[in-house]
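Engineer: Top to bottom, those sequences are chains A and B.
Its first residue numbered 405, the first sequence is counted upward by one per residue in my numbering.
Its first residue numbered 457, the second sequence is counted upward by one per residue in my numbering.
Please note that a few of the clues may not be correct.
Unchecked claim - SDA-like, lysine to any residue: derived pairs with alpha carbons at most 25 Å apart:
1. A/423 with B/843
2. A/543 with B/468
3. A/543 with B/465
4. A/543 with A/509
Said to hold, decoys possible - Which chain B residues stay away from chain A? Per the calculated CB distances, all over 10 Å, these:
5. 527
6. 552
7. 591
8. 611
9. 773
10. 960
11. 1045
12. 1057
13. 1061
14. 1138
15. 1202
The hints are simulated quantities; they were obtained by calculation from the structure and are not laboratory data.
Small disclaimer: the values here were computed from a predicted structure and weren't measured.
For every residue, glycine included, the Cβ atom is placed at its ideal position computed from N, Cα and C.
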Amino acid sequence: MSNDSGDSAVLAAHSISKKVSSPEGSLTILSDVSFSIAAGESVAVVGPSGAGKSTLLALLAGLDLPTAGYVVLNGVNLGELDEDGRARARAEGVGFVFQSFHLVPSLNALENVMLPLELAGRDDARDASRAIIERVGLKERWSHYPAQLSGGEKQRVAIARAFATEPAVLFADEPTGNLDTRTGETIMELMFELNRKSSTTLVLVTHDNSLAGRCDRMLSLDAGKLVADTQVAA
Amino acid sequence: MKALAFAMRSFGRELRSGEVVVLLSAVILAVAALTAVGFLTDRIGKAVERQANEVLAADLRLRSQDPIPNSWRKLAADYELRTADMVLFPTVVFAGDESALTTLLAVTENYPLRGTVRISDALFSEQREVDRIPAAGEVWVDSALLARVGADVGDTLSVGEAELRVAAVVTYRPDQSIGFASLAPTLLMNTADLDATGLIGVGSRVRYALLIAGQAESVSAFNDAIQDQLPDSLRLRSAEESSERAYAAADRAKRFLSLTAVISLLLSAVAISMSARRFAHRRMDTVALMKSLGATQGFVVSVAIAQLIALGFIGVAAGSVVGFAAEEVLSWILADIIRGDLPDPGPAPIMLASGSAMVLLVGFALPSLIQLRNTPPLRVLRHDVMPPAPSRILVGGLSLAAVAVLLYTSVGDPAMLVIVLGGIIVIAAALYLVGRGLVATMGRFRSGVGVAWRYGLANVARRGRASAVQVVAFGLGLTVLLLLTLVRTDLLDGWRQTLDQDAPNHFLINIQRSETESVTDIFESRGVMPPDYAPLVRARMTLINGESVKDREYPAEDAQWFVNREQNLSWAEALSSSNELLDGEWWPPDYDGPPLVSIEEEVALETGLGIGDTLQFEIAGQQLEAKIASVRRINWDSFMPNFFLVLSPGALDEYPATFIASMRVEDEQKAALVDLVREHPTISVIDLDSILQQVRGIIEKASMAVQAVFFFTLAAGIAVLFAAVQSTIDERRFESAMLRALGARKRIVFSGVMAEFAALGAAAGILASAGASILAAVLATQLFDLPYTFNPLLWVAGVAAGLLVVCASGYFAARSAINSAPVDVLRGAPG
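Build out the structure end to end from the sequences listed, making use of the hints.
Structural biologist: What follows is the structure, given as structure tokens:
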């Protein structure tokens, strides 16, 4: 187990737990999970359904707060920030790719990519977005709305949106879950390629072992516990 | 600034994508409907008032014993008012050897300034409107005058030294009900012939009148200007003082219009509220995404408010255009009613409607949108995470405040506001409770029905609160629609009935006590129901509680006019059927104690008089003191002889009294009237048919206005129902996809959805029928003073409408949900 929380860490979990109340009483979803991820690393979070993968992702990105422990993202303790503070932290250094794409249906492809840049107040939102939408191969389809795009194209837009702000950390939640195998592979190619070129830290939640195998490192969760932290072949 | 720029950019995109169309339509519809209603209320209200003004044949009337100086005509002209002159005095006319007392009425070219004169070519025959006055050398006379002198149309009458030809019978003058004091039948002639009669000279009892009319603002400016410089010799009369009856009708017409305005407003509010909820709900995913991408709460709220304002402006602009177009069309349709020189309403209705729509947006849409800021960003990963429901106090408080403010400013009738607002709140609460009850019991039935119904009923039960809210939405929409139908039919019919059936159409005036028996005989022998006689004694009020009426202070300005005028006193053993006792007690039938008096409600209010106050009258030089024993409300629509002041039996026995009576005489019985005036030449018969027609005209116009507005209100109501179905459409799309993925045939899924809508629709229909019945009964009895009759058809209509409208909107809304491919829907969270 490599558990170094050295200075190069861009993301670190310190004994985080998550409990929720349910009709049957308190339910533990994550229990005392700790690790740290260095800048530029690509990490797969794997485990069976219900292991707590998505919950972990939500806590790491500050979308939710742990009931115990804390998360440090880009040197900032997320637990000490209010909701707006965490939002700012995400704006400054986090990108997302979701299983169900989460494109805004009322915006066309280009506008979806522009969204995080506009939220960050960038004046060059349009030009920067055009450049990256070309890089994901949607130069001809930038003016299409999500409803007019295929699943693979939607995920390309989502990837373009995620990389547009050049985030320090990119969180991907089952990015191929809604795609057929071939499209999924192409999409992952694109994601790893962009990741390499921009030396972004990648945190990838997946069921897919072959996908996990392409990452530098694999965190295995089972029943809310971190059961393995494996370095994958170089 | 960043938020504003972002809001405008993304709003433009949302406009293009059609996401905001439902809410925008609700705002446009609200502005258009409120504009149209405001316009109609203004137009019809003024037209009705104008018609009420006809009783004066003018807007103002100046009277004097001497010729009215020219300076007044000039002053009126300065205010751009039209004038006409009138000279009237009693005189005797001859036809051969026969003679009769007449009130001679000489008029100038413009008479009447308001309303029209109607004449006929023979006694009691077909009448027609004319827009001129008698030519020089001709007269138009009352049928009673012809009867008394035994003359006919075409004969010549000697009027003083002039010989004038009878050209027509006057059947109606707009101002004929003024001055019941002029008891003799009228002779209408041209002032050009006045000198030739030689009747105006020293000692003649001539009265002069200057009729004035014009634009409402000019009239009131003129009225204000002359108040202080009016010499004692001149008396001013305005229309309000001249006809309680016409004003009672006009007032009721305005209440009908206000009610329609209220209903349109409420429907618009519900439509905006429902579509705003959907709008907010649809934005939830986007907001969660924006927050996950780093947007702060303040940013989200700023964006929402900026977009709401933008949406408001666009809605108002588009709604104004529609509203303005509606105004033009309505003006054209109602051209017949809204003729004449009514001031142009200008942009006022549009401004008012636009302001109202903005207030509705803030009151009903803002809470949902502000709540968006609390959307957890976690929703991007877990779609079932919802923001906490907006604070009920915030939502309820804001929306109630918005409605109350609007109702008060636009309707300005606190009584109506309380009744309608209270009714709506009670119905909404009852609907909600019954909705919850329905939902709770639904589950029990589902084991005994087929799969489609089981699915439908299970859906109703599972959605719990949401189902109850839908029942409330459907129920409220239906309630107001039913209420409006009721207003149009039941209330209106009730109102008509108060006039139509046996309303008296003739007044008999100046009957001596000795004549009553003979009058009764004349009618009985000709098969006409003889009238009841009401005694009338003329008096002046001198003291109130020992204080001079001139020195006393009164709560209302009109009181001064009332206490100083000549009073018509009457007495009665029993309370008239057209009166309602409000306070105090009516005297027993055999009462013979000290004089008591019963006073009319409005007069009591204006003068501040109440039970126990003492009034002193001067009657033919003698003093009479009477203590107020009761306060009455008078139904002026009854057309029965009614008096502001009624005394106890015996109180007026020592004073000279004449009698008046009202009675119904059908067209074929009118010969009896000719016999009556031949045998009793001093009795005057006043034909009320034309006045009744006047009042009926007001009612017809009011109901026409209500019907015109009905279209807009109906559109708003349907928008509400559609918005209610639309608000669940995403969920339904997902569910039916899921069911079909599980292997359910389309037809089964569809039947299930329809079963659910049918259950909701029937429940809402039943509740709306109950609500509308109760509300209508309250409105009828408390606000319109009309008897309410229960209408079972309403329940059939209510439930049928509930089933039909909810199922139909459900059908159209759910069809697309069921027809979309299961895989698309199940995959497709947004995007």
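Engineer: Compare the structure with each hint and give your call.
Structural biologist: Hints versus structure:
Under the criterion of a C-alpha separation no larger than 25 Å, the hint pairing residue 423 of chain A with residue 843 of chain B is consistent with the structure, at around 19 Å. This hinted pair checks out: residue 543 of chain A and residue 468 of chain B have alpha carbons roughly 23 Å apart, not beyond 25 Å. Between residue 543 of chain A and residue 465 of chain B the CA atoms are separated by roughly 22 Å; this keeps the pair inside 25 Å, and the hint holds. A threshold of 25 Å between alpha carbons decides the hint, and for residue 543 of chain A with residue 509 of chain A the separation of about 19 Å falls inside it, so the pair holds.
Listed as a non-interface residue, residue 527 of chain B keeps its Cβ farther than 10 Å from every Cβ of chain A; the least gap is roughly 72 Å. Every C-beta of chain A lies more than 10 Å from that of residue 552 of chain B, the closest at about 94 Å, which supports listing it as non-interface. Residue-level check passed: residue 591 of chain B sits 76 Å from the nearest beta carbon of chain A, beyond 10 Å. With a minimum CB-CB distance of about 86 Å to chain A, residue 611 of chain B clears the 10 Å threshold, and the non-interface call stands.
Against chain A, the non-interface label of residue 773 of chain B holds: every CB pair exceeds 10 Å, the least being about 21 Å. Interface exclusion of residue 960 of chain B from chain A stands, the closest Cβ pair being 68 Å apart, more than 10 Å. With a least CB separation of 76 Å from chain A, residue 1045 of chain B remains clear of the 10 Å interface cut-off, as annotated. Even its closest Cβ contact with chain A, about 61 Å, leaves residue 1057 of chain B beyond 10 Å, as expected for a residue assigned away from the interface.
No beta-carbon of chain A comes within 10 Å of the beta-carbon of residue 1061 of chain B; the shortest separation is about 59 Å. No Cβ of chain A comes within 10 Å of the Cβ of residue 1138 of chain B; the nearest lies about 85 Å off, and the non-interface call holds. Distance check for residue 1202 of chain B against chain A: the nearest CB is about 23 Å away, which clears 10 Å, and the non-interface claim stands.
Figure legend: structure checked against the earlier numbered hints; every hint is met.
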